[in-house]
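Chains as they are written, first to last, in the numbering used here: chain S, 1 to 235; chain X, 1 to 589.
Treat the hints with care, since some could be wrong.
Once the Cα atoms are required to be at most 35 angstroms apart in a straight line, the calculated DSBU-like pairs of lysine-lysine come out as [claimed, not checked]:
1) S:Lys233 - X:Lys307
2) X:Lys329 - S:Lys68
3) S:Lys105 - X:Lys300
4) X:Lys492 - S:Lys68
5) S:Lys105 - X:Lys418
6) S:Lys86 - X:Lys79
7) X:Lys64 - S:Lys233
8) S:Lys105 - X:Lys284
9) S:Lys169 - X:Lys64
10) S:Lys105 - X:Lys511
11) X:Lys64 - S:Lys68
12) X:Lys307 - S:Lys68
13) X:Lys52 - S:Lys233
14) X:Lys329 - X:Lys307
15) X:Lys79 - S:Lys155
16) S:Lys233 - X:Lys359
17) X:Lys359 - X:Lys511
18) X:Lys357 - S:Lys86
19) X:Lys418 - S:Lys155
Calculated from the model, a selection of chain X residues having no Cβ within reach of chain S, i.e. all distances over 10 angstroms [said to hold, decoys possible]:
20) Gly58
21) Gln194
22) Gln298
23) Gly350
Interface residues of chain S toward chain X, partial, derived using beta-carbon atoms under 7 angstroms [as the list claims (entries may be wrong)]:
24) Leu163
25) Leu168
26) Asp217
Derived from the structure by calculation, the hints contain no laboratory data. It should be emphasised that the depicted structure is a prediction, and the values quoted were computed from it without experimental measurement. We put the beta carbon where it would ideally sit given N, CA and C, even for glycine.
What follows is the residue order along each chain.
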Amino acid sequence: MSTPPFSRRNFLKATAVAVPVAAIPLHELRAKGLEDVHLQHYQPVFFSAPEWQFILAACDRLIPAEGKGPGALETNVPVFIDQQLKGGLGNDIYLQGPHNITAPKTLGFQLPYAPQNVYRRGIALVQQAANARHAKPFQQLSAQEQDALLTALQKDTVDFAALGETSLKASQFFSQLLGDTKNGYLADPMYGGNKDMKAWVAIGFPGARAQYIEWVDQHNVPYPLGPVSVSGKRA
Amino acid sequence: MPHITNDDVDVVIVGLGWAGSLMAIELAQAGLKVRALERGPDRPPEDFAYPKPADQYGYATRNKVFATPRDAALTVRYKQDETALPTRKWGAFAPGTGVGGSGLHWTGVLIRPTPTDIKLKTYADKAYKRGTLDADMRIKDFPFTWDEIEPYYDFFDKVCGLSGNTGNLRGQVQPGGDPFEGPRSNPYPLPALQDTLNCSMFADTARKMGYHPFPNPSANVSQAWTNPYGAQLAPCNYCGYCSKYPCLNYSKASPQTTILDVVKRMPNFSYRVNANVIRVDLHKDRKTARGVTYIDEQGKEVFQPAKIVVLSSFQFANVRLMLLSGIGKPYDPISETGTVGRNYAFLSNGGATLFFKDKHFNPFATAGATGEMFNDISPGNFDGPSLGFIGGAKIHSSQATGAPIGTALPPGTPSWGKGWKEGMVDWYGRSMKISITTTCMSYRGHYLDLDPRYKDPWGQPLLRMTFDWRENELKLQRYLREIVLKISKEMKPDAMSESFLALDSHWDITKYVSTHNVGGAIMGTSPRDSALNRYLQSWDVHNVFVPGGNAFPQNFQANPTATIGAITLMAADAIKKQYLKNPGPLVQA
Numbered sequence: 001m002s003t004p005p006f007s008r009r010n011f012l013k014a015t016a017v018a019v020p021v022a023a024i025p026l027h028e029l030r031a032k033g034l035e036d037v038h039l040q041h042y043q044p045v046f047f048s049a050p051e052w053q054f055i056l057a058a059c060d061r062l063i064p065a066e067g068k069g070p071g072a073l074e075t076n077v078p079v080f081i082d083q084q085l086k087g088g089l090g091n092d093i094y095l096q097g098p099h100n101i102t103a104p105k106t107l108g109f110q111l112p113y114a115p116q117n118v119y120r121r122g123i124a125l126v127q128q129a130a131n132a133r134h135a136k137p138f139q140q141l142s143a144q145e146q147d148a149l150l151t152a153l154q155k156d157t158v159d160f161a162a163l164g165e166t167s168l169k170a171s172q173f174f175s176q177l178l179g180d181t182k183n184g185y186l187a188d189p190m191y192g193g194n195k196d197m198k199a200w201v202a203i204g205f206p207g208a209r210a211q212y213i214e215w216v217d218q219h220n221v222p223y224p225l226g227p228v229s230v231s232g233k234r235a
Numbered sequence: 001m002p003h004i005t006n007d008d009v010d011v012v013i014v015g016l017g018w019a020g021s022l023m024a025i026e027l028a029q030a031g032l033k034v035r036a037l038e039r040g041p042d043r044p045p046e047d048f049a050y051p052k053p054a055d056q057y058g059y060a061t062r063n064k065v066f067a068t069p070r071d072a073a074l075t076v077r078y079k080q081d082e083t084a085l086p087t088r089k090w091g092a093f094a095p096g097t098g099v100g101g102s103g104l105h106w107t108g109v110l111i112r113p114t115p116t117d118i119k120l121k122t123y124a125d126k127a128y129k130r131g132t133l134d135a136d137m138r139i140k141d142f143p144f145t146w147d148e149i150e151p152y153y154d155f156f157d158k159v160c161g162l163s164g165n166t167g168n169l170r171g172q173v174q175p176g177g178d179p180f181e182g183p184r185s186n187p188y189p190l191p192a193l194q195d196t197l198n199c200s201m202f203a204d205t206a207r208k209m210g211y212h213p214f215p216n217p218s219a220n221v222s223q224a225w226t227n228p229y230g231a232q233l234a235p236c237n238y239c240g241y242c243s244k245y246p247c248l249n250y251s252k253a254s255p256q257t258t259i260l261d262v263v264k265r266m267p268n269f270s271y272r273v274n275a276n277v278i279r280v281d282l283h284k285d286r287k288t289a290r291g292v293t294y295i296d297e298q299g300k301e302v303f304q305p306a307k308i309v310v311l312s313s314f315q316f317a318n319v320r321l322m323l324l325s326g327i328g329k330p331y332d333p334i335s336e337t338g339t340v341g342r343n344y345a346f347l348s349n350g351g352a353t354l355f356f357k358d359k360h361f362n363p364f365a366t367a368g369a370t371g372e373m374f375n376d377i378s379p380g381n382f383d384g385p386s387l388g389f390i391g392g393a394k395i396h397s398s399q400a401t402g403a404p405i406g407t408a409l410p411p412g413t414p415s416w417g418k419g420w421k422e423g424m425v426d427w428y429g430r431s432m433k434i435s436i437t438t439t440c441m442s443y444r445g446h447y448l449d450l451d452p453r454y455k456d457p458w459g460q461p462l463l464r465m466t467f468d469w470r471e472n473e474l475k476l477q478r479y480l481r482e483i484v485l486k487i488s489k490e491m492k493p494d495a496m497s498e499s500f501l502a503l504d505s506h507w508d509i510t511k512y513v514s515t516h517n518v519g520g521a522i523m524g525t526s527p528r529d530s531a532l533n534r535y536l537q538s539w540d541v542h543n544v545f546v547p548g549g550n551a552f553p554q555n556f557q558a559n560p561t562a563t564i565g566a567i568t569l570m571a572a573d574a575i576k577k578q579y580l581k582n583p584g585p586l587v588q589a
C-alpha cells in the first residue's frame, strides 16, 4: 500500500512554533475513530502545547524514522500516548499511601504518581535538564544531543532529585515513556497509534485476523497475508 | 445494620469462576436454590464475539478483564519483621474478576499432578534422609488417595473437552503421552492440538536426549465437543489470542462456555454481579454461618441469608474473607498455631529464548495451550534426593500467544532507537522459548494475614503476603537451568537469552510468573494444621465450604485448574450425598 509522503522535519519545525491550526474537536475524533487522524492536524487532549513538543521530539528519537520500518511519528504514536493519558491510563493503580519510594525494586512500583503525573513532572524535569546542559529545550537539540539526554534518563545520570523532585527518578519517567511509545507503535490502530498498521506490516504480524486453522501445521512457511485491524481495515 | 435483606437461599456462592460455577451447577441440579454473588461485572459471551478480543493492548497490556490493583491489591513483604508494601500494579500474578473469573481468560493447560505430587510428604519422608531438607519446610499430603480423586479429574476433563495424548490408561503406559501420569480411568476425551514449529523442534530434540515429551494437555478443544452438562465447544481455530483473552471462538473451556450457559437456564439458579462480599455472617455460637453481607453496585449493604456458604473467589480473596469473618483461627508462624493463612506458596518460572534467523515460527497462529512438555524432572522421577532439594518442573516449549508487544529480541539489541526498530523487523516471529514451570514448597514463615496499614476502597484491610524464595527452590532453578541450556544448545540457535533465578534472588513481584498462588486455607486431615477437611469444609464453621487453590498444601509443577476442578467436584458430591441429609462436620476431627 502507499502512503502520502510525510516530512518529519518540516512537521516538527512547523509544530515547534505554533499550535496546530486545523484542530479537530475531540467529539469529532471519537465519532470518526482515531485511525484517520493526521498527526499534523491533531490537537492534543492531555498534553499542553509545550509538553506536546517534547513528546513529538522524544518519540521521534525512541522510534526514529531512519532505518527499516516506520518511525513513531509516521505511525501517530504521540496521538496514542495523549489519548491514553486522557483516557484513564493508570486508573487501575493502587495509589493509597503511605508510599515507600526507597523500597527494593523487586517490590515493584511504589510511586505516589499516576502516569499523568509521571509525564507532567518528568517532562518539566527533562526540560530543566536540557536547559541546564544546552540552554535549549529538548525539542531544539540535535538528534545526537537528544539521544544522549534520553540515554542519561534511562541510566539515571540525570538526577531528578537535584532538580527538586522528591519521588520520581529519571529512569522511571523514561521507562513509562518508552513503554507507552512501544505500545502505541504495536497496538491496534483503534487506540490512535500504529497508523495504517505500518508497524505490523513492517514486522509481519497479521493483526486481528485471528483464524489460522489451515495454517497452524505449515511449519516454517512465511504467512502470506497482510494485517487487518479490529475495525476491519486491511493493509 | 444492612439496609436490605434478600430472600433466603439454600446456597450462596461467593465468586463465579471455575469453582463457583461447578458448585452452582452441581448443587442447582440437586434441586437447591442457588445464588451466586460476583464482585466483578457480568461477562456474557456476546461481549467476546470476533474480533473484539483480538486486541493485545486492551486485553493483555491493559488487563481489560482482570481485577485492578486499585480494588484488589494485597501487600507483600519477604520476612515477618518487615513492613509490607502494596502491589500497586500487577506483576508476578494478576487475578481475574467478573463472571467466569480467571477461567474466562486462562491459557487452558489442564494437567493433573502425579500420584507422588498429591502424597509429597509421604514421598519426602521415604526418599530423603532426615535433616536433609529445610527444617522450616511444611509440605503435606493431600487428604485423599489417587483412586478417590481420579473420577473427579476424569469428569472435569470431560467438562472441558480435554485434548491431548493419553499417557497411562488404567495402568498401561500409552505411546505419545506422559509416561509419568497417574493411571486414568478413561482416555483423553479429544486428540491433541496441532503442534507448531517450536513444539516439534523442542519435542524432537528432547526425545533424542532421552526425555519423554508430550503435547500440553489442552482445554482449548481440538475438535467439536459436547460436555456432560450439554454445553458445546467448537474446534479451536488457533487465533493467537488466548492467554489473558476471552475466547472469540467458543473453543476454550471456561465457566461461560462449559457451565454457565446451562445453569443460567435453571429457575433455581440466579446471580448478582458487582456484588462485593465483605464478610460471612456467623450465628452467635460461631459454629455455622447465616449468610453473607455484600456491597451492591449502588453502594448499599445487602444481607444474603443462606443455609450453605461457598467461598469460591480467587485463592487469596478466599483466605481474606475467612480472616475478615473470623472463620477459623489466624495462623501464627511463631507459635505455629492457628490455621488460616498457613502454607502459602507461589511458583517460579524461567527459561531460554532461542533465536533462529532462518525460521518462521508464525507465533500468531497458535492456541493458548499449544506446546510440548515433559515431566521427567518431577518428584520421584529423577534423583532429587542426591541433589539436595525436593521439587521439579514441567519443562516445556509453549507458544501461548504471539502478538508483538513485548517481543523478545536477541541479547545486545538496543532497547530503543533505530536498533530496536530494526530488531523488531528482523526478529519478530523468529524466536521460541524453552521454559520451566516449577514446584514451590510451603514453609513455616510463608503465610497470609491481614495488613495493619493498607485498606481497600471499602475500608477493609488488605491481605498481607509474607513470601520469598528459599534455598530449596533456588537450587531447583539452577538444576533446571542446566537441563534447559543443554537442550537449547543442542538446537543450535543463532542467538539465545536466558532467565533463571540466581542463588541470591529475592522474589521479584514485577515479573509475571503465573497466577497460580496456592495455600492459605488448606485441606488436611486435622483441624490442628489445616483450615478445611477433605471436602473443603471449614473445620470450624461446618456450613462454609472453600473450594480453590487455597486448599493446596504446596504447589506442584502441574497447572492448578484440573485439581481445583476435581476437589470442587468431590466437595459438591459430598454436600449432595452426605451434608444435605445430615448437616454437620463431614469428617470427625
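35 angstroms Cα cutoff - pair X:Lys79, S:Lys155: holds, 30 angstroms
Pair hint outcome, X:Lys357 versus S:Lys86 [Cα-Cα no greater than 35 angstroms]: violated, 40 angstroms
Outside-interface status for X:Gln298 - nearest CB in chain S farther than 10 angstroms: holds, 21 angstroms
Minimum beta-carbon distance criterion (7 angstroms), S:Asp217 to chain X: With Cβ-Cβ at 5 angstroms, under 7 angstroms, it holds.
Restraint check for S:Lys105 with X:Lys511, where alpha carbons must lie at most 35 angstroms apart: Since the Cα atoms of S:Lys105 and X:Lys511 sit roughly 11 angstroms apart, the hinted pair holds (cutoff 35 angstroms).
Restraint satisfaction for S:Leu168 [CB to CB of chain X, less than 7 angstroms]: Violated - the Cβ of S:Leu168 stays beyond 7 angstroms from chain X, reaching only about 14 angstroms at its closest.
Chain X contact restraint on S:Leu163 - CB to CB distance below 7 angstroms: This hint is violated: S:Leu163 lies away from chain X, its Cβ roughly 23 angstroms from the closest one there, beyond 7 angstroms.
Given pair status - S:Lys155, X:Lys418, alpha carbons within 35 angstroms: Answer holds: X:Lys418 to S:Lys155 is near 19 angstroms, not above 35 angstroms.
Proposed proximity, X:Lys307 with X:Lys329 (alpha carbon, max 35 angstroms): holds, 22 angstroms
Straight-line alpha-carbon gap X:Lys492 to S:Lys68, limit 35 angstroms: holds, 27 angstroms
Satisfaction of hint between X:Lys418 and S:Lys105, Cα-Cα up to 35 angstroms: holds, 29 angstroms
Agreement of S:Lys233 and X:Lys359 with the hint, judged by alpha carbon distance not exceeding 35 angstroms: holds, 28 angstroms
Comparing the model with each earlier hint shows violations of hints 1, 2, 3, 6, 8, 12, 18, 20, 21, 24 and 25; every other hint is respected.
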